[in-house]
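Sequences and hints are given; from them, build the entire structure.
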Amino acid sequence: IHYNMPGSLEAYYQEAGRAGRDGEQSVCVMLYSFQDRYIQEFFIENNYPPRDVIEKVYNFLTTREEDPIELTQEEIRDALGLSVSPEAIGSSLQVLGSTGVLERLPMGGGLAMVKIDSQLTTLVDLLPREARVQRKVLRTLERAVGERRGEQVYVHPRWLLQHSELQREPLNRALRELCKLKSVDYVPPFRGRAVHFVRPGLGFAELEIDFEGLDKRKQAEYDRLNQVIGYAQSPLCRQATILQYFGDTSAENCGQCDRCGRRPGWPTIQLLARSDNSSPSNSSPSNSSPGNSSPDNSPSESGAAIPAAAPTTPSSPLDEAQKLGFLDEVVGAIERIHGRLGKTLIAQYLCGSQNSKMQKLNLHRLSSFGLLSAFRQADGVKLLEVLLEAGILRQQEVNRHRPTLSVSPELLQPSARRQLLQAVHLPRELEKKIADLLRRRQPAPSALPALPGRDTLPHMGSASEPVRGEPGNRDLFEAQAGDSPPPAGNGQTAGDSSAPPHKPDWSWTLSLFESGYGWAEVLLIRRMSDEELANSLCAAVRSGTRVDRRWLSGGDGELRSAGQQRVLRELRLQASAWTS
Numbered sequence: 001i002h003y004n005m006p007g008s009l010e011a012y013y014q015e016a017g018r019a020g021r022d023g024e025q026s027v028c029v030m031l032y033s034f035q036d037r038y039i040q041e042f043f044i045e046n047n048y049p050p051r052d053v054i055e056k057v058y059n060f061l062t063t064r065e066e067d068p069i070e071l072t073q074e075e076i077r078d079a080l081g082l083s084v085s086p087e088a089i090g091s092s093l094q095v096l097g098s099t100g101v102l103e104r105l106p107m108g109g110g111l112a113m114v115k116i117d118s119q120l121t122t123l124v125d126l127l128p129r130e131a132r133v134q135r136k137v138l139r140t141l142e143r144a145v146g147e148r149r150g151e152q153v154y155v156h157p158r159w160l161l162q163h164s165e166l167q168r169e170p171l172n173r174a175l176r177e178l179c180k181l182k183s184v185d186y187v188p189p190f191r192g193r194a195v196h197f198v199r200p201g202l203g204f205a206e207l208e209i210d211f212e213g214l215d216k217r218k219q220a221e222y223d224r225l226n227q228v229i230g231y232a233q234s235p236l237c238r239q240a241t242i243l244q245y246f247g248d249t250s251a252e253n254c255g256q257c258d259r260c261g262r263r264p265g266w267p268t269i270q271l272l273a274r275s276d277n278s279s280p281s282n283s284s285p286s287n288s289s290p291g292n293s294s295p296d297n298s299p300s301e302s303g304a305a306i307p308a309a310a311p312t313t314p315s316s317p318l319d320e321a322q323k324l325g326f327l328d329e330v331v332g333a334i335e336r337i338h339g340r341l342g343k344t345l346i347a348q349y350l351c352g353s354q355n356s357k358m359q360k361l362n363l364h365r366l367s368s369f370g371l372l373s374a375f376r377q378a379d380g381v382k383l384l385e386v387l388l389e390a391g392i393l394r395q396q397e398v399n400r401h402r403p404t405l406s407v408s409p410e411l412l413q414p415s416a417r418r419q420l421l422q423a424v425h426l427p428r429e430l431e432k433k434i435a436d437l438l439r440r441r442q443p444a445p446s447a448l449p450a451l452p453g454r455d456t457l458p459h460m461g462s463a464s465e466p467v468r469g470e471p472g473n474r475d476l477f478e479a480q481a482g483d484s485p486p487p488a489g490n491g492q493t494a495g496d497s498s499a500p501p502h503k504p505d506w507s508w509t510l511s512l513f514e515s516g517y518g519w520a521e522v523l524l525i526r527r528m529s530d531e532e533l534a535n536s537l538c539a540a541v542r543s544g545t546r547v548d549r550r551w552l553s554g555g556d557g558e559l560r561s562a563g564q565q566r567v568l569r570e571l572r573l574q575a576s577a578w579t580s
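Read in order, the letters of the sequence shown correspond to residues 1 to 580 in my numbering.
Don't take every hint at face value.
Stated by the list, open to error - When the alpha-carbon atoms are kept at most 25 Å apart in a straight line, the in silico SDA-like pairs for lysine to any residue are as follows:
1. Lys-115 <-> Gln-167
2. Lys-343 <-> Leu-437
3. Lys-360 <-> Ser-529
4. Lys-180 <-> Leu-123
5. Lys-382 <-> His-364
6. Lys-218 <-> Pro-6
7. Lys-218 <-> Gly-332
8. Lys-182 <-> Arg-148
9. Lys-432 <-> Asp-319
10. Lys-382 <-> Glu-431
11. Lys-218 <-> Tyr-245
12. Lys-56 <-> Asp-36
13. Lys-180 <-> His-196
14. Lys-357 <-> Gln-377
FYI, nobody ran anything at the bench for these hints, they're computed from the structure.
Remember, predicted model here, so these are calculated numbers, not experimental data.
What follows is the structure, encoded as structure tokens:
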């Protein structure tokens with residue numbers, strides 16, 4: 001069970017390799033939370049303190065007159081008033097020691113100080129007779145001080161142990177009690193590593209410390225840490241991911257891990273009885289089929305193995321097309337945030353919260369605001385956590401201790417995006433809520449908006465047959481200002497049955513494309529951003545309107561923008577829904 005995050009994938013691989021070394025079947029469980037990275041960051045920051053901290057430590061030590069300097073790391077930090085850990089002070093001393101200007105002496109070489117400020121022949125008679133250990137230790141101290149009453153006498157702790165004939169703990173306990181006497185003072189030896197200057201008198205600039213090299217080593221530590229976090233958050237097969245990291249480009253899905261089985265959380269794995277022909281590789285998760293038997297395990301365009309689709313039950317309230325369309329819509333809404341918000345704010349944005357932060361950040365102006373308006377905020381957070389566990393989303397830090405959510409880079413490829421969304425396992429209660437939400441969004445057949453007549457607009461031919469979207473699935477993006485009625489003045493009254501029906505916003509977008517305008521021209525005419533224009537076309541696709549693929553490419557036939565790629569993904573999703 002891995003609950004302490006290692007600092008590198010190499011360290012994790014070594015830990016995971018301990019499972020099954022005895023030849024028995026085993027299960028590896030990784031307990032991951034984004035907050036785990038703070039522990040490793042603490043170690044990295046302590047190992048590589050900033051330049052100003054190292055300089056302040058050096059300048060402080062040069063002002064000390066004693067040699068050696070017996071100050072602990074905590075004492076140096078407190079004397080300088082720095083808000084760093086004692087370990088960072090120790091790393092600063094280590095960097096200074098590497099220049100040869102000073103050295104840190106071994107621990108345990110200090111002397112204890114004893115002082116008896118009394119002219120009485122002995123103080124033993126002041127102690128009760130039953131305090132035998134204290135009386136014995138006090139006689140030892142008086143023997144060490146001798147005739148030097150009132151002076152500081154230094155003695156090695158080993159001498160006290162030998163002459164008192166006591167163990168270390170009883171001796172220390174007796175010394176603490178004796179220090180309560182007004183005439184007895186005992187200061188234990190310095191337990192830290194004293195500092196001795198080898199080359200005194202040098203300025204800090206003369207030390208020639210390689211700060212550039214230290215910064216590179218620090219960044220390398222962070223890179224290794226980010227690789228571990230990327231592995232934990234990756235939606236791809238665990239075994240294939242780590243084997244590819246070590247250079248095995250032919251690695252395939254294992255069919256055993258949580259990604260292949262699409263069951264995040266604590267595993268429920270059936271361990272087979274050992275036999276002569278059995279091996280640990282013959283076991284399989286009880287809640288999934290071996291991933292290698294599924295065609296969805298084929299490598300993606302980048303060569304990474306894609307996990308198998310999540311198993312569905314016949315009684316699931318969502319069919320595959322509804323699940324894909326809904327998840328793609330949610331992921332698209334999160335993509336519009338560009339990784340700038342955390343989990344709670346994104347849940348409020350998706351659920352249409354009236355929190356003042358929504359207005360302050362202008363999130364209420366986005367067409368995807370309130371996409372999950374029928375959800376409670378807790379349901380929205382739960383959905384985000386499911387996507388995090390599945391590797392669809394990942395957490396990263398923009399500001400210290402403020403993790404934000406962004407879409408995993410693996411979803412940028414259309415083919416991988418579909419397979420990864422298929423592989424998401426939704427809890428039963430979430431499936432029911434999503435199904436209810438989709439039913440509310442789907443209008444009755446009589447309420448569907450009428451499409452503009454094709455014979456009234458110039459028609460652009462298509463080299464390939466355009467793909468029709470799934471009818472009846474009205475998109476929330478249509479709730480923008482484009483649903484206003486046409487102005488009166490054409491000789492028709494409000495009660496005239498021959499009045500033209502209200503046009504959805506996307507119909508004006510299609511009219512421009514069908515009239516021959518290109519993507520950039522439509523952006524200018526409609527005063528839309530790339531994402532808003534993509535939302536308009538996606539709404540048209542979902543309503544069952546034909547969208548020409550040539551509108552999504554430039555003159556050389558290549559896709560140019562993220563918005564065009566999103567519309568193309570929507571076309572593919574709707575096409576697969578029709579063919580299935």
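To see whether the hints hold, each was checked on the structure:
no. : hint                : verdict
1   : Lys-115 <-> Gln-167 : 22 Å, holds
2   : Lys-343 <-> Leu-437 : 21 Å, holds
3   : Lys-360 <-> Ser-529 : 20 Å, holds
4   : Lys-180 <-> Leu-123 : 13 Å, holds
5   : Lys-382 <-> His-364 : 21 Å, holds
6   : Lys-218 <-> Pro-6   : 16 Å, holds
7   : Lys-218 <-> Gly-332 : 35 Å, violated
8   : Lys-182 <-> Arg-148 : 17 Å, holds
9   : Lys-432 <-> Asp-319 : 12 Å, holds
10  : Lys-382 <-> Glu-431 : 12 Å, holds
11  : Lys-218 <-> Tyr-245 : 21 Å, holds
12  : Lys-56 <-> Asp-36   : 31 Å, violated
13  : Lys-180 <-> His-196 : 34 Å, violated
14  : Lys-357 <-> Gln-377 : 15 Å, holds
Comparing the model with each earlier hint shows violations of hints 7, 12, 13; every other hint is respected.
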